[in-house]
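Protein chains: 2
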Amino acid sequence: MTSVDEQARHGGRIRDAARTQAEILDVATQEFARAGYDGARVDEIAARTRTTKRMIYYYFGGKEQLFTAVLERAYGVIREAEQQLDVEHLDPVAAIRRLAEVTFDHHEAHPDFIRLVSIENIHGAEHIAASEKLGKIGSPALDVIRRILAAGQESGLFTADVDAVDLHAMISSFCFFRVANRHTFGALFGRDLVDPAQREHYRTMLGDMVIAYLTAERAAD
Amino acid sequence: MTSVDEQARHGGRIRDAARTQAEILDVATQEFARAGYDGARVDEIAARTRTTKRMIYYYFGGKEQLFTAVLERAYGVIREAEQQLDVEHLDPVAAIRRLAEVTFDHHEAHPDFIRLVSIENIHGAEHIAASEKLGKIGSPALDVIRRILAAGQESGLFTADVDAVDLHAMISSFCFFRVANRHTFGALFGRDLVDPAQREHYRTMLGDMVIAYLTAERAAD
DNA sequence: TGACTAACGTACTAGTTCGTACATTAGCTG
DNA sequence: CAGCTAATGTACGAACTAGTACGTTAGTCA
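Keeping their order, the protein sequence lines are chains Z and P.
Position one of the first sequence corresponds to residue 3 (my numbering), numbered consecutively onward.
Position one of the second sequence corresponds to residue 3 (my numbering), numbered consecutively onward.
What you were told as hints is all true, and nothing was included just to trick you.
Computed beta-carbon distance windows for the label pairs:
no.: 1; chain 1: Z; residue 1: 153; chain 2: P; residue 2: 218; range: 16 to 24 Å
no.: 2; chain 1: P; residue 1: 167; chain 2: Z; residue 2: 142; range: 29 to 37 Å
no.: 3; chain 1: P; residue 1: 144; chain 2: Z; residue 2: 198; range: 21 to 29 Å
no.: 4; chain 1: Z; residue 1: 18; chain 2: P; residue 2: 28; range: 49 to 57 Å
no.: 5; chain 1: Z; residue 1: 135; chain 2: P; residue 2: 219; range: 40 to 48 Å
no.: 6; chain 1: Z; residue 1: 85; chain 2: P; residue 2: 153; range: 41 to 49 Å
no.: 7; chain 1: Z; residue 1: 55; chain 2: P; residue 2: 218; range: 52 to 60 Å
no.: 8; chain 1: P; residue 1: 85; chain 2: Z; residue 2: 93; range: 45 to 53 Å
no.: 9; chain 1: P; residue 1: 82; chain 2: Z; residue 2: 107; range: 32 to 40 Å
no.: 10; chain 1: P; residue 1: 111; chain 2: Z; residue 2: 196; range: 26 to 34 Å
no.: 11; chain 1: P; residue 1: 19; chain 2: Z; residue 2: 198; range: 44 to 52 Å
no.: 12; chain 1: P; residue 1: 152; chain 2: Z; residue 2: 135; range: 45 to 53 Å
It is worth saying that the hints were derived from the structure and are not from the lab.
Note that beta-carbon positions come from the ideal geometry of N, C-alpha and C, so glycine has one too.
From just these sequences and the hints, can you work out the full model?
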């Protein structure tokens, strides 16, 4: 009997632990991002999977751990993207601008991730705290920023008093707000921050802002 | 019989519709901010009030409308703060910096409001859309920004191509992120963005950033 | 002062939702 | 190929939760 026949015999499904887990994570990511932690329904996640609720508890233990697993995978994706960052060959100004653009693009491309982070903040980052993986991730982007900043400061292009974590916060703020607060901002000010027609405008604005901050003359502290 | 005796007779409580509604709104604000919309419990809100759940439905109609009422009041507070903004007598640079500082201070002073806005964004701003009040609020801050920008651009201090709504978004991004993402940022990067010892640092950083952006030379579009 | 209504309280229900006990089977391994 | 275990499915329950039916009382006004 062929493998295809096997599948047919069991309704098209074969046992595949990794695949089942991945599918649960996919659907769970969508559901948590859609409705928040408490708004998400375990039954709904199960229903949209080719498996059953039983499997969620079998593999993840419970709703809390499932959400933690979703977060771990989501953060893993951005970490990978950051690791592929290759800006060392650029001059400091171009490198920072490129970094800002990559951050901008990643936020725009992953609104579900942004929502998950918002949700996790509502819950005081307790799942990150409970995760062994997420605690000691470290950020590849941060290392990149440190190197660019050092180069820029040494060459005198950048003002000397800027910290890498602060700069990361500054860039993230803009990218995050634009996606996360899209709805309230749109409702209150009548402007869609994620309007494709405005994409280049805001992308440039972010770069201009960061570079202006880094190259501006400031009163010494 | 004195008023005090009256109160004593009924367990210290007098009938006062306005007061009951205000108390429900106070507690509901805390509860929604604490746990999110779906995480919030109507029973919990009622329990922490001097009245009962029955009154929540009597005055507000339901959980959804209660949350909308909470949002309406929260936005009212920030609108009032913005209306008291008095920076017209300052030069454009000082005026923008003052505006940024006021925004910064307000975000820091009202973390519950920030959480409510995050929550409302998770739900696609549907309560704002459903609210008659919130639709046509308009932002006093936006008018102020428009005037300062016009003055700054006319005097040649500021670059000409900056829009008021965009600048508002820029300032809000930083202030919002610092409070809203405090927990995940702290857990991942080991830095508390709301640490009082760092307050002046970030407050200055925001002003520097905005002024640098507004006064920088840029390639024409 | 009597009666009318807004304001309030109690007790309950219908529906939901996380989680689990129990039963079954696919597929590997010796 | 026998048997063992990881993987899976079904059916159910206990607890929670938004919302309500019904009853009571305070305060005002004719």
